[in-house]
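J.: Protein chains in written order, with the numbering used here: chain A, 1 to 93; chain B, 1001 to 1290.
Worth flagging that the hints you see were computed from the coordinates, not collected in a lab. From the three backbone atoms N, C-alpha and C, an ideal C-beta is built for every residue, glycine too. Honestly, I wouldn't trust all of these hints.
Just a sample of chain B residues kept apart from chain A, beta carbon distances all over 12 Å, derived [what the hints assert, rightly or not]:
| hint | residue |
| --- | --- |
| 1 | I1028 |
| 2 | E1058 |
| 3 | V1060 |
| 4 | R1066 |
| 5 | P1143 |
| 6 | A1161 |
| 7 | A1163 |
| 8 | V1164 |
The calculated label-pair distances, taken between Cβ atoms and stated as ranges, are [to be verified]:
| hint | chain 1 | residue 1 | chain 2 | residue 2 | range |
| --- | --- | --- | --- | --- | --- |
| 9 | A | L38 | B | M1156 | 27 to 35 Å |
| 10 | B | V1198 | A | G49 | 13 to 21 Å |
| 11 | B | F1102 | A | T79 | 23 to 31 Å |
| 12 | B | S1217 | A | A42 | 38 to 46 Å |
| 13 | B | M1156 | A | D3 | 30 to 38 Å |
| 14 | B | V1061 | A | A39 | 47 to 55 Å |
Residues on chain B that point at chain A, a partial pick, calculated with CB under 7 Å [to be verified]:
| hint | residue |
| --- | --- |
| 15 | R1165 |
| 16 | G1168 |
| 17 | I1206 |
| 18 | V1209 |
| 19 | L1210 |
| 20 | V1213 |
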Amino acid sequence: MTDQALIAVASIIMGGLTIAIGSIGPALGEARALAEALAAIARQPDEAGTITRTLFVGMAMVESTAIYCFVIAIILIFTNPFWDFVTTAGTGN
Amino acid sequence: MHALDTDILWRWDDSFVLLNKTILFTWIVMAVLVVGSLIITWRLSSGPRMDRWQNLLEIVVSFLRREIRQVSRQSPDPYLPFVGTLFVFIAAASILDLVPYFSSPTGSIATTAALAVCVFFAVPIYGVARGGFGGYLKNYIRPSVFMLPFNIIGEMSRTLALAVRLFGNVMSGAMVAGILLTIVPFIFPAVWKVMGLVFGMIQAYIFSVLAMVYISSGIQARETQQQKARQRAEKAPHEREVPSPPREAPGPTAKADEPPSSPPRQRRGTPSRDDVHERDPSHEKGSTND
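So that you can see chain A by itself, here it is in the shape it has in the complex:
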C-alpha cells in the first residue's frame, strides 16, 4: 500500500470515527438539557420564553464540542494537510 493510499484510508476511517464518537456526548447532553427544560416549562409555563431562550443558548454551547469534532472530520476528509504533504513530496521526487 502506498503512502497516499495509507493516508487516505486512515483519514476516511478517522473522519467517520471522529464525528461518530464525538457526537455521542453532546447528543446525550442536549437530550438531558431538553428534557430538563421541558420539565421546567411544564412546571412553570409562564417562564416558557426565558427557559426556551436559555435552552437555545445552552444547547448552542453544548453543541460546540460536536462542532469541533465536525471541523476535525471535515479537515481530515477535504483539506487533509498530510495528504498535501505526501502529494507534493511525490511530485518533488
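Keeping the supplied structure of chain A fixed, place chain B upon it in accordance with the hints.
T.: Only chain B this time, still in chain A's reference frame:
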C-alpha cells in the same frame, strides 16, 4: 471544498479578484434587504392603518428589541443595529434559500467566519465604549490572574464555534437536501426545504442571541465590578450604617430564599408521580376487587 466558493463566475485577469457564488449571493441578500426596507419605509404611517409590509417590519424590529432587552437587561438601542443586522441577514439568507438557483451564502465558511469576526471585534468595541479600556481588560483577569489564558482561549474558541456552527448547520442541510434529491426525488426534498426554513430561523436566532450574550458578558462583568467597588468604597468608612444593611441584606434574603426554594425541591422531589402510580394500581385493585 464547497460549490459556493469554487463556482467562480468571473475573474479579473487571473488575479485574486474574483466573483464566486458566495459573494454574488451575499450581494443579492444585501440588495434585497436594503431595497426592500427602503421601499417599505418610503411611506410610513403612524396611524392604526398601515401597510402590511410595515407591519412585518414592525414585528421584526419589536421582536429584536424585546429579545435584546431580555438578554442584556439594558436598553436595546445601542445593540439593535449590530445584532439586528446579524439576525436579519442570516434569516433573509435562509429564507431566500427557497428561491431556485439560490443557495444561502451562510453555507460557506467564508461568510460565517466574516460574521463571527464581526462579533469578535464587536465585543471589545462595545465593552470599551461602555466601561473604558482598562475596565474591559480587567474582564480577562476577572476571577483571578490564572484565568487569563483560559479567557483568551475562550474568546478564540467561541468565535470559531460561532462560525462553524452556522456553517455546519447550513452546509449539512444543503448537503442532505442534495442526497435526498438523488435518493427520493419526489416529495421529501420539499419537506426538507421547509424544515431547513425552520432550522435557518433557529440558527439566525441562536447566532444573534449568542452575539448579544457575548457582548453583554463583556459589559455586565464590568458593571458587577463597579458595584463591588462601590460596595467596598461604602464599606471602608465605618461612619455610616448604610453599607451594613445592604451587606447583611443578602444574608436574610438568602435565608428567606432558601425556604421557598426548598419546598419546590421537595415538591419536585416528592414522588408525586409515584404517588399517582401507587394510587392508580390501588384504585384499579380496588375497582377490580369491587
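J.: Can you give the numbers of the hints that this structure goes against, from lowest to highest?
T.: Failing hints, ascending: 4, 6, 7, 8, 12 and 14.
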